[in-house]
Amino acid sequence: MPPKPGEIWTVFHKSSDKPNGSHHRATHWRCIDAERPSTEAIDIEDDWNLMKKEAWFSAESALAKGKDANGEKGAMAAHLRKCEHATAEEKAMAVRISPTKKEKEEAQKGKGKRKQADGDEKGADADDEGVGGSGGGKKRKLVQAVEASFSQSQLKVFRGIEVPFSADHKHAIAQQTLRATQSANFPERWTEDPEVMKLFLMMRSKAMEVIPSCRELGGSLLRDAANEVDRKIAAQVKGQDVTMSTDGWRTNRRDAVGGVTLTHNFKTLLVDILRTNKLLKDGESMKIMFGDMIDKAEAELMCFVIAFLTDNDGGTARPYLLTFACCAHQGQLILGDYLCENEDAATLIGELIDFVNWLNNHDKVRAIFDTQQQELSGKILAYILPNLTRWTTHLIAAIRFSLLKAPIRAAVLNHPDAIVKAQVGAETNARKKMALQDDAIHHCTVVESHAWWDRLQQTIIPDFEHICYLTNIAQSDHQVSSSISADSRLSTRSKASERGLGQRMCKHIEKRFKELDQVVFVLALILNPFERLSRFGDKAQIDVFKLSTELITLFKRMKTRPPKTPYTAAEQQEFDSTLKATLQVVNTAFMQYLSATGPFESWFLADSHQKASYETIHGNDPLPFWEMLKVNAAVLPLAQFAQLLLRLVVNQAGLERVFSDFSNKKNKKRNRLTLKKMEQQAKRGGRKNHEDSRLRTLLSVPRYADAILSDTDDSEDEGQKKSVVVRSSAAWRKQVADWRAEMQELDTASDDDNDGDSDKDLPANVPLPTTGRRLRAQRSWFPTTLDSLFGGVIENPFTLSRRERVVSEESLYMELLAAEHSGEEPDDGALEGSDDNYAQPRFLNLSGRQVNC
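Each residue of the sequence shown is one higher than the last, beginning at 1 in the UniProt record's numbering.
I should point out that these hints are in silico values taken from the structure, not numbers from a laboratory.
Careful: at least some of the hints might be erroneous.
As the list claims (entries may be wrong) - Here are the simulated PhoX-like cross-link-like pairs (lysine-lysine), alpha carbons at most 20 Å apart as the crow flies:
#1 K564 <-> K296
#2 K564 <-> K238
#3 K267 <-> K281
#4 K676 <-> K665
#5 K102 <-> K82
All chains, please: the whole structure from these sequences, using the hints.
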């Protein structure tokens with residue numbers, strides 16, 4: 001054990017520097033405090049390697065000129081005698097520890113006088129205490145030594161920013177730093193940036209002791225956090241029924257990536273990311289790959305995959321497995337169908353895009369229209385464009401343009417000459433000047449027409465709105481029972497449109513509804529106690545016996561999952577008898593539910609107090625209704641099955657959000673990010689605990705836009721990334737044409753797959769699968785049509801109201817996306833190129849113009 005430092009070291013800083021190899025270099029603390037600038041952090045003085053690099057401590061500083069000493073008590077005492085900053089106590093300590101010859105002589109002279117005085121005092125004390133000799137003096141010295149050992153030599157008081165962190169605080173700060181890094185998409189080196197470090201030190205001088213380094217953030221911390229998420233996912237889904245979803249995405253290095261997620265209780269859980277460059281895309285290969293995904297998840301997580309979701313349903317070779325096409329994509333497809341069938345709408349949207357592009361590309365012309373906005377409404381709205389990968393943004397662009405009708409027409413009617421002059425500018429060439437004049441006059445003539453605005457506001461926007469309403473319902477979480485209702489609303493709206501167009505659109509909608517596993521959607525709607533049979537029209541001719549048969553068929557199909565090890569004859573007989581008894585209970589409970597008798601009677605009374613009390617607590621959420629009925633053994637199997645159907649989420653919005661996050665993280669400045677690390681970062685992202693925020697992110701455009709491109713973009717040009725913002729009507733029409741051809745190809749492939757279902761791979765003792773067009777035709781009632789289900793008189797018709805707040809937020813996102821892809825200068829305070837490393841949206845003063853939503 002090294003010897004304890006001497007008393008004199010209490011007033012000196014002991015550095016690790018040994019100039020002579022034996023003695024540490026000593027610097028007087030009071031000299032440091034006098035020379036150190038007031039803005040420097042105090043705890044930098046605890047680290048000699050940091051302190052000696054500072055300018056105020058360099059060789060040229062006043063501190064280095066005779067203000068330090070060799071770490072030997074004589075040299076340190078000599079410094080204290082001459083130091084102007086040393087106190088009287090410190091100078092006395094120097095005399096006591098290392099006295100000079102003169103000081104020793106003076107001490108000897110005063111020693112005799114002190115001894116004589118002490119002797120007189122000791123004699124008096126001895127007489128008083130009855131003890132003579134020198135024994136009393138020794139006892140007093142021992143008492144004084146004991147008292148000194150129990151007294152605190154100095155009081156150490158931490159200032160507010162100097163309080164050290166506890167171990168629990170260190171762990172919590174490290175975890176929150178990792179979470180904040182992933183949530184804000186910061187690079188892992190951000191905690192080691194000098195300016196960030198200085199910021200932390202200003203808040204607390206001990207901050208850098210607990211802020212993890214770049215290596216820790218991207219290494220052990222991230223790995224441990226991802227493993228912890230995996231353990232939580234495994235515990236959450238163990239023994240539970242889940243829905244699996246998979247889709248493809250391409251990185252900026254053209255790597256094909258497949259994502260696999262599980263949905264449990266409306267929460268999307270990422271379980272795997274894999275590279276799919278070398279995988280074949282034919283039906284047989286995809287079937288094998290999907291089967292391996294399901295088997296791997298069930299084996300590792302011990303869950304039960306009851307439904308499998310892709311962007312296009314091709315049927316299944318596993319009868320018990322439900323398969324769905326992503327319903328959110330169906331809304332996108334229906335909007336494309338509308339533009340294909342309605343040439344007038346496509347032409348009008350093309351003219352709108354041309355006008356907005358013309359306006360945004362000519363600053364002087366736009367200034368005239370902005371001035372008119374300011375005069376009429378007191379604020380200036382941006383002119384936004386649709387997004388090529390989010391077809392629902394066509395509605396937002398049309399609504400925004402409709403809001404600007406008055407200032408646009410006022411500018412065209414009141415300032416036509418100024419607009420033409422601003423367009424022509426300083427052009428002197430006669431031919432080019434005439435072309436510019438004709439271009440300005442053409443754009444103004446288009447938007448001057450009342451008929452043009454009537455078509456936009458009375459036909460295009462209402463039609464778009466119903467399609468987008470379906471899309472937003474389909475991409476939400478609680479949507480199985482309401483998706484079919486939205487389909488019926490859209491079908492009804494199509495009938496109300498122009499006769500020929502309405503008939504053609506109804507064919508498209510019915511075709512897409514036919515491809516769905518209709519019985520799941522219909523039964524989910526019926527098992528919602530707030531809907532039951534009230535949404536069906538009189539043309540449906542609902543037969544409770546047919547519905548009961550369909551329910552029993554679906555229940556039996558999902559419960560006949562083959563075991564991992566084949567049953568023996570006795571086990572098979574026991575399973576069959578148990579299933580038969582359960583089916584009888586389910587059938588009885590379902591008939592009571594439809595007839596509002598038995599345990600359901602009090603709920604469906606005209607003035608049900610039970611239903612009113614339930615709505616005050618749970619609203620119109622059907623899941624707690626069935627949860628409460630599970631206490632009744634006669635209803636338990638039906639309640640469990642109803643919850644299973646109502647919890648199904650048949651869209652890929654959660655997986656698309658993961659891909660959107662990948663696009664944000666793996667950008668051109670972080671191109672070497674591996675798939676494994678991307679998966680870990682996605683699992684340990686920012687927490688999303690707020691319902692409103694989660695629902696609003698379903699409509700976010702700027703970072704979500706690239707996700708829907710999926711792996712259909714096969715361009716090999718890595719240097720020229722296509723902009724998702726529409727730049728011209730010609731480019732938009734080309735994109736529409738390409739998209740039409742692609743969708744027709746997918747529809748043809750889907751038809752071929754459904755017609756080619758094969759039963760040769762099915763076990764002999766398993767019933768035939770009931771998915772696919774040919775197999776669905778074997779049912780007694782399904783497939784049916786939306787017109788048959790919801791045609792005629794409806795007891796509880798649907799109503800539609802626009803969600804203005806969501807539309808406004810979507811408009812703001814579109815403005816942000818347009819500004820990001822524009823060539824305009826960034827705002828004050830926005831660093832050029834910062835969006836790639838710090839993905840923080842710029843919500844104010846876009847492109848130097850006022851933005852209001």
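How the hints compare with the structure:
1. For the hint pairing K564 with K296, the CA-to-CA distance comes to about 13 Å; that is within 20 Å, so the pair holds.
2. In summary, the hint linking K564 to K238 is supported, as the alpha carbons are separated by about 17 Å, within the 20 Å threshold.
3. This hinted pair does not check out: K267 and K281 have alpha carbons roughly 29 Å apart, beyond 20 Å.
4. Only pairs whose Cα atoms come within 20 Å are accepted, and K676 paired with K665 is accepted, the gap being roughly 13 Å.
5. Between K102 and K82, the direct Cα distance comes to roughly 16 Å. Compliance with the 20 Å bound is thereby established for this hinted pair.
Consistency with the previously given hints fails for number 3 only.
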